[in-house]
Amino acid sequence: MSEPVKVLGERRAFAPLLTVDGLQVRYGAIQALRGVSLQVGKGEMVALIGANGAGKTSTLRAVSGMLKAAAGRITLEGKDTTALKAHQLVPRGMAHAPEGRGIFPNLTVVENLELGAYLRTDTAQVLQDMEKGFTLFPVLKERRRQLAGTLSGGEQQMLAIARALLSKPQLLLLDEPSLGLAPQVTETIFRTLREVNATGVSVLLVEQNAHLALNAAHYGYVLETGEVVMAGPGKALLESPEVRRAYLGE
Amino acid sequence: MSQLLQHLINGLASGTIYALVALGYTMVYGVLKLINFAHGDVMMVGVYMGYATAFALGREAQRSLWGVVVIFAVAMGGCALLGFLIERFAYRPLREKPRLTALITAIGISFALSYGFQLDIGFLPGASPRAFPEVIVPTEWFIVGDRDVVVWNWQIISFLIAVSLMGALQFLVYRTRFGKAMRAVSWDHRTAALMGIPTDRIIALTFMLSSALAAGAGLLYAIKDTSVSPLMGLYVGLKAFVAAVIGGIGNVPGAVVGALLLGLVEEFVVGYAASTWRDAVAFGFLILVLLVKPGGLFGRVAAEKV
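So the protein lines, in turn, are chains C and D. Heads up: the first sequence begins at 24 in this note's numbering, then just goes up one per residue. Heads up: the second sequence begins at 543 in this note's numbering, then just goes up one per residue.
Next comes chain C alone, as it looks inside the complex (with noise of 0.2 Å):
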């Protein structure tokens, strides 16, 4: 609907599992995406990246099921589920830890990681899934009992990555799963989305850091004022002037 998407560099072949074909979200009279279409393929990390309010939230949650799409399709593993709702989305793969985390600080630790595998009824495997959970994540052992409000951010983080996980996603949102954590936190959770990307778990990223996510996924979306301006492998973009003036800041 407007000027075309500039793509730098070759995509590796991939067999599609997310489409997003012409997404449009509205919230009132102000449109928050103008028509937006990615892809992610199976087993791949792609990351959106784009500035305050370019719509990159929206796009997750109009994927995740969490808001309606007033125009566009989204399939996943070819399936339409456009205008299926957010707990429609969960059996068929999808999991979401949202902006601000989204974990039950009412609740404990234990009891927020029985909600992520809600919808599964093989208890003695989820029970072994949890104790996966805590090998990428050990502090989340040692505060099992603990409300999870009582975590630190950067455990509140871990805490709803685990959580995702244990509904057995095909696909991972993330949203901003580095703000407002130290670096060194940081480090920890993106070396462990590495370490889950590997194992066949695709990822969908949203950031405001660039140069993190960037570096981190296979294929990378900018996203500015509801569209899509520019694709490319992560390293191509990452070494693209307007991205480097634009996102990291140089």
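Note that these hints are calculated values from the structure, not bench results. Honestly, I wouldn't trust all of these hints.
[Claimed, not checked] Once the Cα atoms are required to be at most 27 Å apart in a straight line, the calculated BS3-like pairs of lysine-lysine come out as:
#, chain 1, residue 1, chain 2, residue 2
1, D, K639, C, K108
2, D, K575, C, K91
3, C, K65, C, K29
4, C, K91, C, K108
5, D, K766, C, K108
6, C, K164, C, K191
7, C, K164, C, K65
8, C, K258, C, K65
9, C, K102, C, K91
10, C, K102, C, K155
11, D, K575, D, K639
12, C, K91, D, K835
Starting from the structure of chain C, add chain D where the hints point.
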């Protein structure tokens, strides 16, 4: 001394009944942040359902154990259905609208029920109060000294029923998958949906549960008070609401503590001062608690999330 004991017993007896109603306010507030002002009137409808069932059973059957069970089952089941319908058709369409809209709708339903039931057409009972059948024939179970302290059978039965209902609720909220989902919805229903929790269903079930508890409480109240009227829901509902606010609305143990305190305070006012002061002191007590702890005894004052 024995007088004090007697008042304690009476206060606890009415406090546990308030508690069952207060729990409904607090649970619905928990999941929807809505003061369901129609809650007391749903209770009243439940009482009339029990009343009608008692008459249908007849004098002999209504006093038997199974008769009482049937009366409670009909009233609680009927109210669960009523609660479901109210949520589905009155509140759910307003879910994303400003909160005031739902609040005014709740007041509207409250009046529709309490005044609708005063009509004298069809199955509606009409405005005048009626005597509730003696489904539990009053018997003095314990007498201390020269009738210094008297404990009636219905007081103990009512106490036991109320406590077991509360115990079942406590188990449901803190020990089951449904309860965990309910607590998650109560914190943030949008995030709860991201866990795969069907939030609409959890909210509907919460309404059914709170309405069924209200019906049970209403019957206990009718047994104690021996009379029923279409306006009883407004009165008992308001008291239970006060109890829920004293305890900290949205907090399950808070509702119980608030209700027991309110029951005791009222009883002591009636016993040691004058019964005409009862309601004034009840609301005065509310103001006092809110002055010291604005969130209620167990509540937290949280900044509004934006």
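Hint check results:
| no. | hint | in the structure |
| --- | --- | --- |
| 1 | K639/D x K108/C | 19 Å, holds |
| 2 | K575/D x K91/C | 23 Å, holds |
| 3 | K65/C x K29/C | 23 Å, holds |
| 4 | K91/C x K108/C | 8 Å, holds |
| 5 | K766/D x K108/C | 47 Å, violated |
| 6 | K164/C x K191/C | 19 Å, holds |
| 7 | K164/C x K65/C | 30 Å, violated |
| 8 | K258/C x K65/C | 19 Å, holds |
| 9 | K102/C x K91/C | 17 Å, holds |
| 10 | K102/C x K155/C | 30 Å, violated |
| 11 | K575/D x K639/D | 13 Å, holds |
| 12 | K91/C x K835/D | 41 Å, violated |
In this structure, the hints that do not hold are numbers 5, 7, 10, 12, in rising order.
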